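Protein chains in written order, with our numbering: chain R, 1 to 273; chain B, 1 to 273.
Since the hints were derived computationally from the structure, they do not count as laboratory data. Source: prediction; values computed, not measured. Among these hints, one or two may not hold up.
As the list claims (entries may be wrong) - The following label-pair restraints were derived from C-beta to C-beta distances:
id, chain 1, residue 1, chain 2, residue 2, range
1, B, Pro-165, R, Gln-58, 37 to 47 Å
2, R, Gly-163, B, Pro-234, 58 to 68 Å
3, R, Lys-172, B, Gly-205, 26 to 36 Å
4, R, Pro-86, B, Ser-176, 32 to 42 Å
Claimed, not checked - A few chain R positions that, by computed beta-carbon distances, are all more than 12 Å from chain B:
id, residue
5, Phe-4
6, Arg-41
7, Ser-48
8, Arg-61
9, Ile-101
10, Val-152
11, Asn-157
12, Glu-173
13, Gly-205
14, Asp-223
15, Glu-249
16, Leu-250
17, Val-263
A virtual CB, placed ideally from N, CA and C, is assigned to each residue, including glycine.
The chain contents come next:
2 protein chains.
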Amino acid sequence: MTNFNDAIGVFDSGVGGLTCVKEIIRLMPHEDIVYLGDTARVPYGTRSRETIERYARQDIRFMEKHNVKLMIVACGTVSAVMETSPIFSDCHVNCCSGVIIPAADAAAAATKNGRIGVIATQASINSGCYERELKRLMPHCEIFSRACPMFVPLVENGYTQVGCPPAEFFVKEYLSDIKNSGVDTLIMGCTHFPLLEDVVGAFMGSGVTLISPGKVTAAQMYDALKAQNALNSPDHKAKIELYCTDSAELFAQNAGRFLGDSVNAQIIQCTLD
Amino acid sequence: MTNFNDAIGVFDSGVGGLTCVKEIIRLMPHEDIVYLGDTARVPYGTRSRETIERYARQDIRFMEKHNVKLMIVACGTVSAVMETSPIFSDCHVNCCSGVIIPAADAAAAATKNGRIGVIATQASINSGCYERELKRLMPHCEIFSRACPMFVPLVENGYTQVGCPPAEFFVKEYLSDIKNSGVDTLIMGCTHFPLLEDVVGAFMGSGVTLISPGKVTAAQMYDALKAQNALNSPDHKAKIELYCTDSAELFAQNAGRFLGDSVNAQIIQCTLD
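Just chain R, same shape as in the assembly (with noise of 0.2 Å):
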C-alpha cells in the first residue's frame, strides 16, 4: 500500500531529469526525493535497445529499493524502451510512470490543427513510441519526427543562448523540415532539450507550443497523488537525495544548471553493476 511519506522516486540517465525534479519541488515541495542519474553510463540516447533495457533494469533495482511511492522514469530513452519492453512487468513499485504519456497527452490537448513535432534521442525516435501514443489518442494527427543527437553534447557543454552559433546551426539543421510541415506544437523529448527552449522558440515562432515531458509528467503526478490523497503533509521539511553513479563532485558541477541553485540536497555516490 502506498505510504504517503515514502518519497517520490525519479531516475534518469544523467542530471537531465533534474528538471523534472525542478518541476516537483515547485508543485509538490513537501515531498521527499530519491533522484538517480547515471551519470558513469551517460548517455543512454545513442546505445542499442537491449543496452538500454539493461541498465534500466539496474535503475529500476535501486528505486525498489528505496520504497518509494511513485516512480517517475524522467529518462525520455527508457521511457520510449520501456512501453513495448517487458522490464516493468515485476516491478514493485505501486505507480509507475514514463513521460511519454504524459507528453503524448498534453501535445495532444495543445495542439488546433492536428500537426504535431517530436524531437528526442535516436533510441527514442527509433522506437516509435511518440507516434504509436499520439495516434491512439488522435488517431487523424500529423506527426514528424527528428533524432538530434547534437542537442545533449551542446546542452552538457553549456551552448544554449539564443544567438550562440552552433546551437542556432543544430537547431536549424534538425527542425527546418517539422517547422515547414506546420505543426503548432512540438514535443521536446530529452530532459536535455528543455535547455534549448529559447532557441527552439525563437526558431519555430510564438505559434507553436513546446512541451516538456519532464514537466508535464510531474504536472500529471501532482493531480494523481493529490487525488489519491497521497502527498505528504504540509510541515514536513522535504529532504532531497540525488544520487549518482560517477563521482558526486562531478555531479555538482553539473547539477546546478539544470536545477537552479537554490536547491539544498544531498548528493551520494552510488554503484548499479
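Take the given structure of chain R and dock chain B to it, following the hints.
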C-alpha cells in the same frame, strides 16, 4: 614469454581507437588483432578519474584473457590516467603501451621552436600527463593545452568537413589561443580528433605539425616488435576481431568511418561488468 603468433591487443572507450588499428593494419598486415571498444559506456573522457580507472581495469582483464603479445591502450583518456595510477601494476601482458609517451616523443622530435599545443578530453587535460612527459623530454618547452569536449560528438555525428559551420566554430573556439601562442606542433590527444584533421590543419596552417597519437603509437610498436623479432610471419593471413560492449550492429554502423570499408573483420559483442 612473447609468442610471435599471438595477436596485438588494442582497446579504447569506443570506436575511435580504430584509427590506431587502421595504422597497425597498414604497417603490419600479417598481425592478428583483438580490439575492444567499450561502446556501452563510451565516452570515458568526461567521467571522473575513479570511474575511468574502474572501467580500465575491466578492459585490461579482457585483454589478458586473450593472451595478446602486446597491448595498446588507444584511449587517450585511459592512457592519461594510467600514467599515475596502479591499474597496470598487476597486468599480465608482457608489453603494454599507452599513447601519451609515443605522442610526446613524436611532438618533441617534430617541434623546432619548442612550443607545443595539446588538445584532448577534459579528463586527459586534467591529468596533466602530456605536460609532464613533454617536460621530461624537453625541460624548456612551452605547452599550451585545451580540452575540446565538443569534438567527440562532432566526429561521432559526421560533422568533420572543411566548411562545415559547427566544425569550423568549435575549431576556432578551442584552438584560437593555442594558434596565437605560436605553436609549431599540435598533439591531437584523443582517438576521435584525427577525423577533424582537415579542419584543424586548415585553421592552424601548414607550418604546424599535427600529431595523431594512435598513428605514432602504432609506428613505435612496429619498431619494437620488429626489433624483438616478434612480428608474425609474412605468410600468415591476419585475423581481426573487433569486440564491443554495445550491439555489434551499432558498432558496424560506426566503424567504417574510422577503419575504412576495405577491412575484413569479425564484430563480436561481449560483456565486461
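Hint check results:
no., hint, result
1, Pro-165/B - Gln-58/R: 37 to 47 Å, "holds (39 Å)"
2, Gly-163/R - Pro-234/B: 58 to 68 Å, "holds (60 Å)"
3, Lys-172/R - Gly-205/B: 26 to 36 Å, "holds (30 Å)"
4, Pro-86/R - Ser-176/B: 32 to 42 Å, "violated (52 Å)"
5, Phe-4, "holds (37 Å)"
6, Arg-41, "violated (5 Å)"
7, Ser-48, "violated (4 Å)"
8, Arg-61, "holds (15 Å)"
9, Ile-101, "holds (27 Å)"
10, Val-152, "violated (8 Å)"
11, Asn-157, "violated (5 Å)"
12, Glu-173, "violated (9 Å)"
13, Gly-205, "holds (22 Å)"
14, Asp-223, "holds (37 Å)"
15, Glu-249, "violated (7 Å)"
16, Leu-250, "violated (5 Å)"
17, Val-263, "holds (22 Å)"
Taken one by one, the earlier hints fail for this structure at numbers 4, 6, 7, 10, 11, 12, 15 and 16, listed in ascending order.
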